[in-house]
Each structure stands twice: as structure tokens, then as C-alpha cells.
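**Q** Since the structure of chain R is already known, use the hints to place chain L on it.
Protein chains in written order, with the numbering used here: chain R, 1 to 332; chain L, 1001 to 1605.
Treat each hint with caution, since some may be false.
What the hints assert, rightly or not - Going by beta-carbon spacing under 10 Å, a handful of chain L positions derived as facing chain R:
| # | residue |
| --- | --- |
| 1 | L1117 |
| 2 | A1201 |
| 3 | I1242 |
| 4 | L1339 |
| 5 | L1366 |
| 6 | R1387 |
Calculated from the structure, these hints are not laboratory results.
Keep in mind the model is a prediction, meaning the values are calculated, not measured.
Glycine included, every Cβ here is placed at the ideal spot set by N, Cα and C.
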Amino acid sequence: MRAPGRPRFAGRRVTRWAVDTVGVLLALTAGTFALVLLARGDPAAILAATRAGRSATPEQVEAVRAELGLDAPALVRYARWLADAVTGDFGLSLRTNTPIGPEIADRMGVTLGLVGGSAVVALAVGLAVGIAGAVLGPGLPRGALRGGALLVTSLPVFWLSYLLVLVLALRLGLVPTSGMAGPATWVMPMAVLGLPAAGALSRVVAVTLREALDRPYVLAAQARGSGWISIVFRDGLPNAAGPILSLSGITVGSLLVGTVVVEQIFGWPGLGDYFVQAAAARDVPALQASALILGGGFILANRLADVLQVLIDPRSRRDGGVPTPWLRKGTA
Amino acid sequence: MTRTVLVALPLVVFAIAGLLAPVLAPVDPTAVDLAASLLPPSADHPLGTDQLGRDQLSRILYGAQISLAVTAAVLTISLTVGVITGTIAGYLGGRADRVISRVVDMAVSLPGMLVALAVIGVRGPGVVNLIIAMSLWAWAPYARIARARVAGLRGSPHLDALRLLGASPARVIGRHLLPPALAPCLVYASTDVGSIVLGVATLSFLGLGIPPPYAEWGQMLIEGRPYLASAWWLAYPPGIAITAVVFASNLLGERLAGDDERPSILRWVRPTARRRLADHVPTAAEGDVVLSVQDLSVGYPQRVVAEVSYEVRRGQVLAIVGESGSGKTTSVLAPFGLLDPSAVATGSATLGSGELMGLTPHERRLVNGRRVGVVFQDSLAVLNPLRTIGAHVDEAVRNAGRGGRRAATRRVTEELLRLVGLPDPAALARQFPHQLSGGMRQRVQIAIALAGEPELLVADEPTSALDVTVQAQLLDLLGRLRDELSMSMIVVSHDLAVVSRLADSVAVMYAGRIVESGPLTTVINDPGHPYTRGLLDAVPLPGAVPGTRFRTMPGRPGAGPDDSSGCAFAPRCPIAVTACTNDRPVLKVLTSAATHRSACSRGGA
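Extracted from the complex, chain R is given alone in its bound form (with noise of 0.2 Å):
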């Protein structure tokens, strides 16, 4: 795991990995913006409005689009929003007319800490799910779980939720039904938003796990009289680690995004409630903000599940295959 051809090597590939990804982003940033142009009604109006606390006059609402410099052409309006943008500056919300980077800045704290719980929950429920997915034989155990899996990705999360507001929160009281003070709240957030994606992943895990176990080095580790632990834990998930990784960076990708529904249920003031918040009083800004950050964070974290899978694997090394030092000094 430390041959000293790696970091060149592997530079080639992150170098790249990081243009392309940088290119993806981009994209998402035009996106976003491109919500500006779809928008219903004059965000200057809506402003004014807000403003005054009442419809506001032409002038007013002249002077915000003056402003915002709402009167430039497209283009040019991309690149200065862009250019705030990467400075924390996504303007004033429509909807408060107070900065938006602060208020995100704000919220980001909960938004984490509960994409972070419940990537947790998913990454430990869904590889031990997974793992005794693939070391089962058919039979009643495994098909439990293989439906129990299906079936909690099947769930809608808002239903799970109630579910579980009505049976722990309020026939048991075992925890409170919302809010987020204290560890009791956390549990039902992190279950309901980790416990799905823990489905997903635990279906690839056996799978791949699976034909991971299936090839003659495991026949070769069980001669060398290796135990199934150490089977499956230095044979099968290393060699399973590659879509296992993946799965993994877009199941904390789809956490993220699940916030959005979480939050609302259990009335934690993240990223997530502000998204909806915007979106439903069509508050562009706020709107575009949020999506960039969310957005952002969706696509890095399937992007650097990619660049791990490339560090891990010794073949992909830029010596794999050459002549090595000892051999040329063996036989000189």
C-alpha cells in the first residue's frame, strides 16, 4: 500500500479528476442561475414589496432593480453573481430582505451534523446488512433482509417519519416528536434519513461483495486456513470496494438532499428548510443559494468517491507491471 510510484501517478489521474470536476460544477452554477430566467413575476417587485411592507410604488421598485443591476444583460449578471457567489455573497433574500451568506452560513452547522449522523447509521447498517447478504445462503435470514432492504428504500421518508413519531414519540414517549435539543432528537432524524440509503447500499454491498468472494483467492485463503472474517474483510470488501465506494459517495450525496424533507418534519432549521422555505414563497435568491450549496455538495461527494476508488487500488499505479528495483538487483 506504499510503493513509491503512487503519488506521481496518481496525480496524473486527480489533475484531471479535478478539471472535470470543476467543469461539473460550473455547470451546476449556470443551472442555478438559469432559475433567475425561468422565474415567474419581477424579483425587483417582490423585493420592493418586502420592502415597504406593501405593494411598492414604480419608483421603488425601480430604484431596487437599479440595485440589483437587474437592467444588465444576462451574461454579464452571471458572471458578477458567479463572482459573489465564491466570495459567500448570494445577495438579499427576497423573501426577509436580509443577506443570504450569513443565513446559510448559520444553518449549514445543522444541515451537517445531521447528513453526518445519518451517514453513519447508512454506511454501518447498510455494509453489515450487506455483508451477511452476501456470507447467507439462500434461505429465510437472507431473504429477510433482501426485503427488509427493499422495503425500507421503498418507504417515503414523511411516512416513515409519522410512523415513528406515532409509535416511539407519542404512544411510547420515548422521545419528543420534534425539535433538536439533545441526543433523544436525534435519533428519529438520523434513522429516518440514514435507514433508506442503508437499503440501497446494503443491496450493492452484497452484490458486489458477493463476486468479490466468489474468485479463486478466497479458495486460496480458506487452504491457507484463513476464517471468514478475515476473508471477507481483507479479501472480499477491498476487492469490493470500488461500486461500494461510489454507492457511498452518492448515498451521502442523496442524504444531503434528503435534509430537505427531514428537516421540515422534525422542524430542524437547516439548509434543507431554508431550500423549501425559499421555494415556496419563490424567493430566487434564497432559491439559488441553497440549490448551489446543495447541489455543490451532492456532486463533490460523488465525485470524490471516484478519486478514492483510483487511490486504493494498487494495479492503477504508475509502476504496476515494470521491472522492479529488486528484481534488477536479484538478477545483476
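**A** For chain L alone, kept in the frame of chain R given last:
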């Protein structure tokens, strides 16, 4: 097939309910009757009423209608746009293909829910906006699938012929490329139905999908939210409806995609019943026998190895020869449980005095790697590509209980690598399997097999696929190890030249049975079975005049041991008579030596 239909049943119910909602629904789903609010299920209202006194059953049915309508619209748009885009990209190829593919890749990598929310956020809720928002991301996978299918077809001679015959591009695309591109897209659509239904319900739940007073499942849940704790009939039916449709769609997609159902090699093996042969009488020489296999049969469940018996004596090398598919490898790996999990092995195998058949996985670990080492044929495939050579050998050393701290284990590892003749073990241990030559990897395998200082080394075709000089070096190594460590060995090979350099005794296998066995020199000089004679004749002798044609055996290799009731070799045998095809010959002791046996009913003819 029946199960697939059963799986799709909720989808069929969903479609029927959606299409026939106006006929099936008992009352108008929007008819408010505040006097009848929050009634539990009754004859009048089979699923009760909601807070406004609206009939829940009717609302569920109309909910199916609206879900179905949106899903159908989104699927129609996505399929049309996706399949046409993908087909054109695949058909045109070149730059157009690259540009379209790039756009499709980006669209696929976008989070669908977020796109839909953002679009509805700027356009406002409503059925039309919902359909636009969902189609905006749903088309991309279809484009990708169609492109892949068409790009695969583009180069086919069939299409070239069509073009030569003067078919216009429109005709080629429309008649010959779109239909095959559509098929895999429809399979994908079976799963997509679930995602779309779920998406519609989620957006409505967030208040951004289908606005009231339409009855929509997600909408029903949010409207009923304050009453869920007291009125269970508001909480369950809409959720169950969504889950059933999504679950059926996921399951159908999984079935249509044909998911892998096989168990892996590594499974929790149930030990099969132990079986000792009643008529097994210990012989005088038994103390000298390292491994004794009696009446071993292996089936899947059709037998590939039948009633095989062999013995390996201390310090001796037993060679098992035969052509590919004769069951050699299965016969030697079966005693150690190194078979496919679906294999059923019966018979008895004793190592020292312990029975090997039917051991639990834990008991096996005390045998494999400690008392027996195995060298496999394909040295690249049996080494884990992601682990270093050192990691492999270290593991074997630890399994054998000879490890200690990391450095101590590594010292044993380096000692083993040196023992098998590999230079600079410290550096080699840090290499990965793909960086070694085939001969070196084979030596590494031998080092791994030796880690437990085993009584018995099993080598399955240890020198196949290596060039002749490397072969000779490896055979010398094995011979040296036998002499220095006084180790017993089983060598499986199809190559008599390999066998004659190493073996003390030989067992010849044909079609899953041993047809001849005995001391090496006796079998080579005085073969009892016509198959052995044929094998020997097929070997070019070093003294032969150049240009001499060596004889080959006519006919095709035999199949399984149970394919014929007579001698399996009879169809290819030069001395076969009619009787050979009727009665199966058994192994008989020949006159030349007490341990020389042959299974030929024509005696020593």
C-alpha cells in the same frame, strides 16, 4: 414468470384504480360534509372520513388517478426525449456523441429532487409545473441507456447492408435502431415508476407538488397530519398505497434486471453428516499413511468424481494424472473442503487418524494451512491483487500459529521466501502480485503452503502455464523440499513428464474414476490400462528420431462417471469389446506388483 406477474400486481391495481377512479369511487372525493368529519371506517365510508368529512376511499382512488396521470406524462416525455436523444447520439457518433453524452452525464449526476424543487420554487406549484420539473431530470438515464444500446449496434454488418441498400438514415433509425433501444429503457422504466410516484408524493407533502383540493397521497398525509395520532385511518392508507406501488416497482425492476442469486464460495458451511466406511480395515502399513481417501464421490449433484480411493505415504509423492475434466483437481481438493458450496462430497478421508469429511469451518482451519498446504494452478488469480506478497505470507504464518509481533512474523515470512529460492525477500514482500512473474508467484504460493510446516503438500497443476525452464526449476524445488523436509505430496498434472520427475506412485484418472494406480516405474514400464498406454504413447520421447509421429488418442474426452453403464473409456479404446460397454470394470490387482491395480475387464491384454 408467475412470481414476476405476482410482483407486478400492485402496479396493475394502481393502474386500474387510477384509470377507473370515477367509476370505482363511491362518492365525490371533494364533497365536504363537516357533520361527518373524522368518522372511523364504516359501511358508508369503508376507509372512514377525514377532518372535512370527505370519503377516504374515494380520495385514495382519485389519488391513484392523479399519481398515475403525472407518472404517465413524465414517463412519456422522458422516454421520448431520452430515447430519441440517446439514439441520435449513438447513431451519429464522433463529436456530436461526445457533446450529448457529456450533457447526459451531467444531467444524470444532478440530484433529481433538488432540480424539481428548484424549478417548482421559481415556477410555482401545479400539475404542469410538476410534470416539467420531474421530466427535466428523468429523461437523462433513458438517453444514456439508449445511447449505449445504439452505439453497440452501429457497427453491425446488418446496418452497413441496410445503408448499402439505400435505406435513409431516418428509416435506419426509426425501424432498426429505436426499437432495440427502447427495450432496455422499458425495463428501467419499471423501476422509474416507483421513483416518480415517490417524487410526486414527496413534493406534494412539501406543499410544492399537487395543490389542494386535489386528492393526492402525499397531500392527504400532510392535510391529515394534526389528526394522525387519533385517526389511524388517516395515517395508514395513503402511506400504504405509496409504499405498495414503490415497492412493487423496485421489486419488478430487480427481477427484470435478473439479479444474482448464487451463494458465494464463502458461506457458512453446514457440516455434512460424517460417514465412515464400515468395511474399512486398518492395514499394517497404516501408520505410514499420511492421507487415506476411501470411496470419495463428489456431485453437483450429478457426480463428477465417483468412488475414488487413494493413499499418500510419508515422504512419498503421489501423482494424479488425467486429461482436463477427469476430476483430478476435485478429487484432491474435496478432502479439505475446497470445493464450490453447491458440491456434495461423500466418502471418507483420514489425515493421520482424523476424519476430514464433514468438518466444521473451525475444525478445517486446524487442518488447512497447518497440516496441509495447497498450491493452486492459476497463481495470479489465487493471490489477492490488493495485498502485498508479504501480507499473504504473513497471514499464512499467523494462521499456522507461528506468528508473533509484526516484525517477528515478517522474519518468518522472509525465511520462507528464501526457502523457496526467491532473492531479496524483504523487498519482494512489499511487492504486489501483478508485479511478479508467473514462476515467482508460484514460488510464493509454495512459501505460503509451507508456512504451517505441513505434513502434506497438495499441488494442483503447479507448473502448467509456465515456460519449460521455469517448470524445471520449480520441479527441482519441489523435489528438494520433499527430500529436505521429508514432506508428502500430491501432485496433480496432465503432464506425464512432470510426474515422472517427481512421483513415487501414480493414479490415472479417467471420467471421474481412477482407472489405474501403482508405483511409478511399474505403471510407466508396464501399463495395465489402455488409457494409460495411450497417454504414454502420446509423450514424445527424447530419443525419438526427429519427424517421428507420436500417437494420439482418437475420439473425444469422456464426460461424467455416470454417463455410461460400462467402461467410460470404451468408445475410445482400441481393444474394447462389446462386454466393455455393458459392465463397468473395477480396479483389480495386477500380477506385476501387489500395489499395481487397473480397471480394465480385458485384463493385461
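**Q** Against chain R, is L1339(L) within 10 Å by beta-carbon distance?
**A** 9 Å, holds
**Q** Would the stated hint for R1387(L) survive a check requiring a Cβ distance to chain R of less than 10 Å?
**A** The hint holds - R1387(L) has a Cβ within 10 Å of chain R, the shortest such distance being about 7 Å.
**Q** Does L1117(L) meet its interface restraint, that is, does its C-beta lie within less than 10 Å of any C-beta in chain R?
**A** 5 Å, holds
**Q** Measuring from the C-beta of L1366(L) to each C-beta in chain R, is the shortest one below 10 Å?
**A** 8 Å, holds
**Q** Given a cut of 10 Å on the nearest C-beta pair, is the interface hint for I1242(L) held or broken against chain R?
**A** Interface hint status for I1242(L): holds (5 Å vs cutoff 10 Å).
**Q** Given A1201(L) as an interface hint, is its Cβ closer than 10 Å to any Cβ of chain R?
**A** OK, holds: A1201(L) within 10 Å of chain R, min 6 Å.
Violation of the numbered hints given earlier is absent; every hint is satisfied by the structure.
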